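A.B. asks: These protein sequences, in sequence, are chains A and B. Quick note on numbering: the working numbering labels position 356 of the first sequence as 356, and the sequence is numbered without any gaps. Quick note on numbering: the working numbering labels position 60 of the second sequence as 60, and the sequence is numbered without any gaps.
The set of hints was computed from the structure by calculation and includes no laboratory data. Only a predicted model underlies this, so the values are computations on that prediction, with no experimental measurement involved. Glycine residues also receive a C-beta, built at the ideal position from the N, C-alpha and C atoms. There could be a bad hint or two in this list.
As the list claims (entries may be wrong) - So, partial list: chain B residues that the calculated Cβ filter (under 8 Å) puts toward chain A:
| no. | residue |
| --- | --- |
| 1 | Asn5 |
| 2 | Gly174 |
| 3 | Asp178 |
| 4 | Leu179 |
| 5 | Tyr188 |
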Amino acid sequence: MAEVTLEGLRKNYGNVAAVKGLDLVIKDQEFVVLLGPSGCGKTTTLRCITGLESPTGGRILFDGKDVTQQKPAERNVAMVFQFFALYPHLKARKIITFPLRARKASKKHIREKVEWVAEMFKLHHLLDRYVGGMPPGDKQKIALARAVVRDPNVLLLDEPLSALDEQYREEMRWQLGHIQKQLKVTTVYVTHDQREAMSLADRIILMRDGRIEQQAPPDEIYRRPANVFAAYFIGSPGMNLFPVTLEDRDLLLGKESRRLPIPEEIISKLAVTERREFVMGIRPEFLSIAGKEAGEGESCFPATIFSTEQVGNYKIFNFRVDDEIYHGMVRRKGVLEGEGMVCFDMAQARFFNKESGEAIF
Amino acid sequence: MEESNTLTLKRFIILAVIAVWVVFAMAPLVWLFMSSLKTRLDLFSMPPKFIFKPTLHGYEALFITTYADGTRKVSEIIGTMFNSILIAGMGTILAVALGTMSGYAASRFEFKAKGDFMFFVLSTRMLPAVAVLVSFHIMYARLGLADTRFGMILLYILVNIGLATWIMKGFFDGVPRDLEEVALVNGYSRLWAFRKLVLPMVKGGIAATTGFCFIFAWNEFTFASIITTTRAKTLPVRISAALGKEGLDWAMVAAAGILLIIPIVVLFYLIRKHLLMGMTFGVLGKKE
Ligand SMILES: Nc1ncnc2c1ncn2[C@@H]1O[C@H](COP(=O)(O)OP(=O)(O)O)[C@@H](O)[C@H]1O
Ligand SMILES: [Mg+2]
């Protein structure tokens with residue numbers, strides 16, 4: 001168990017800067033998820049922590065001790081690879097004990113550890129079978145068992161569920177979270193799937209293009225995205241981002257400048273920035289449909305709903321403003337398509353600087 | 001039913017093509033072998049004889065020298081054969097061993113000017129031998145390496161190592177890195193992972209590379225004809241010399257041809273299993 005610190009971590013591959021200066025403290029026993037679109041440097045960061053890749057710049061510390069120059073074997077980290085990386089011609093038991101045998105552990109210790117890990121992952125029945133023919137779910141269990149069997153300082157997982165079927169993925173995700181809390185091992189989990197990140201993370205580290213865009217617990221990153229990238233990337237569908245203009249204490253929406261009635265206090269807050277153009281972000285669930293007429297004081301505007309999609313109990317409705325497609329989410333039955341008024345819950349709106357994309361409030 | 005019919009037809013066509021190809025490939029060899037067992041008379045009879053009384057006279061002429069005074073001695077071709085086996089064998093083994101290691105490094109590690117380095121390595125093989133022949137001749141003479149087996153082994157390592165590096169790099173590229181990285185992370189050394197995990201997976205590649213390198217070293221004539229004269233003379237040089245000196249005893253020439261082919265056949269017979277694996281490596285590499 002260890003606290004992991006990255007100080008100005010950089011990694012170049014030739015001319016490609018994969019990681020461009022990462023500062024991050026991962027607390028002991030914390031479950032951190034590196035989230036971001038593919039190619040943003042998540043895997044590279046993970047490989048630097050394991051020591052499989054040596055950084056171009058910056059330092060890596062475990063519990064305050066500089067391990068930047070240490071070999072992977074010296075760091076006592078465990079890694080789970082995307083495609084399991086199992087030796088198909090070996091039996092599960094042999095694979096699980098692989099790290100223990102490297103340390104020349106005693107027979108007795110090995111037996112106890114295997115028993116312990118088999119119990120935890122419920123894989124007794126797999127121990128004496130070859131992994132070659134096993135389904136992906138079982139393979140992943142064995143890969144996980146191999147990773148945790150020797151009490152690593154840090155557990156690192158690179159998209160461990162992406163090779164599994166949807167239904168199995170959910171189950172493994174739940175198990176993984178549960179086991180991490182049991183083991184109390186510092187964990188860094190890499191994924192491009194924001195739902196996985198939302199459900200597993202103590203803290204999400206949202207990355208883009210080799211940099212951290214925001215780091216926060218899931219609910220905070222969801223409610224208070226630090227910039228338009230975070231706003232759009234998190235949530236399915238992501239936050240709606242409307243271009244808005246402030247004009248004489250009126251908020252105008254889109255190119256057609258539809259006037260949007262909104263509370264006076266928001267106007268005041270926007271006015272102090274001395275800017276005119278903003279991006280207004282609002283999650284689909286804070287949009288609703290108000291038939292033909294809007295009530296007094298509600299922030300509504302007329303729109304044509306061109307399609308809907310049922311997701312469980314909810315219905316996602318799609319509409320356009322200036323050719324951009326936006327989404328709302330309501331818990332309603334019946335036909336929604338057609339002309340109507342789309343209303344915002346303005347208390348939930350978030351405003352971003354149009355140029356920098358940073359959140360204003 | 002329909003499907004199985006087309007299947008058998010397809011099978012038949014494939015087999016037929018293979019059969020034709022085998023006949024084409026084998027006919028000259030069979031011809032060579034028969035010629036090596038024929039008398040001068042049978043050799044030139046028209047139409048060619050397929051049934052004849054075999055004689056070992058061609059082989060006798062190859063291995064035994066008859067002097068003008070009638071004394072017969074074992075020809076120095078035995079020594080030449082030994083030279084060839086030693087030089088081509090050692091040259092191949094060392095080139096493949098070194099090429100395997102450098103191929104691994106080229107596949108797994110980044111280093112400065114790697115692209116240039118790899119191109120240079122390959123370029124050693126692109127250069128026609130004649131272009132550097134004179135320089136080698138002079139250099140070897142000055143270094144005292146001319147007409148030594150050691151010098152020839154060095155030379156064949158040099159010629160083959162580039163090819164070996166490139167072929168082996170290709171095979172290592174096909175081995176997923178994950179497997180050795182798991183070992184590294186779990187407390188094993190790079191060397192352990194290389195020997196125990198990676199090498200067994202490229203056995204086929206090593207066999208194929210050995211085959212290529214050996215054929216080249218075994219057949220090499222240009223360098224050998226200039227650099228060796230007596231002590232380190234190799235078979236191709238010796239046989240071509242025999243052609244000029246002793247006139248055209250075609251049975252002997254055919255016997256020499258057979259002699260040249262045998263080691264290659266033996267080698268490929270020994271490595272055939274791995275070779276097949278090497279060729280289907282693309283498929284194997286995908287399995288995790
Ligand atoms: N070994 C490598 N050689 C060259 N470029 C690489 C290498 N590994 C990763 N990259 C590049 O670095 C960037 C980040 O890659 P990666 O860390 O794998 O992203 P992610 O895991 O977030 O998808 C990408 O642009 C990728 O092409
Ligand atoms: Mg990745």
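A.B. asks: Run every hint past the structure and note whether it holds.
C.D. replies: Hints, verified against the model:
no.	hint	in the structure
1	Asn5	violated, 34 Å
2	Gly174	violated, 15 Å
3	Asp178	holds, 4 Å
4	Leu179	holds, 6 Å
5	Tyr188	holds, 5 Å
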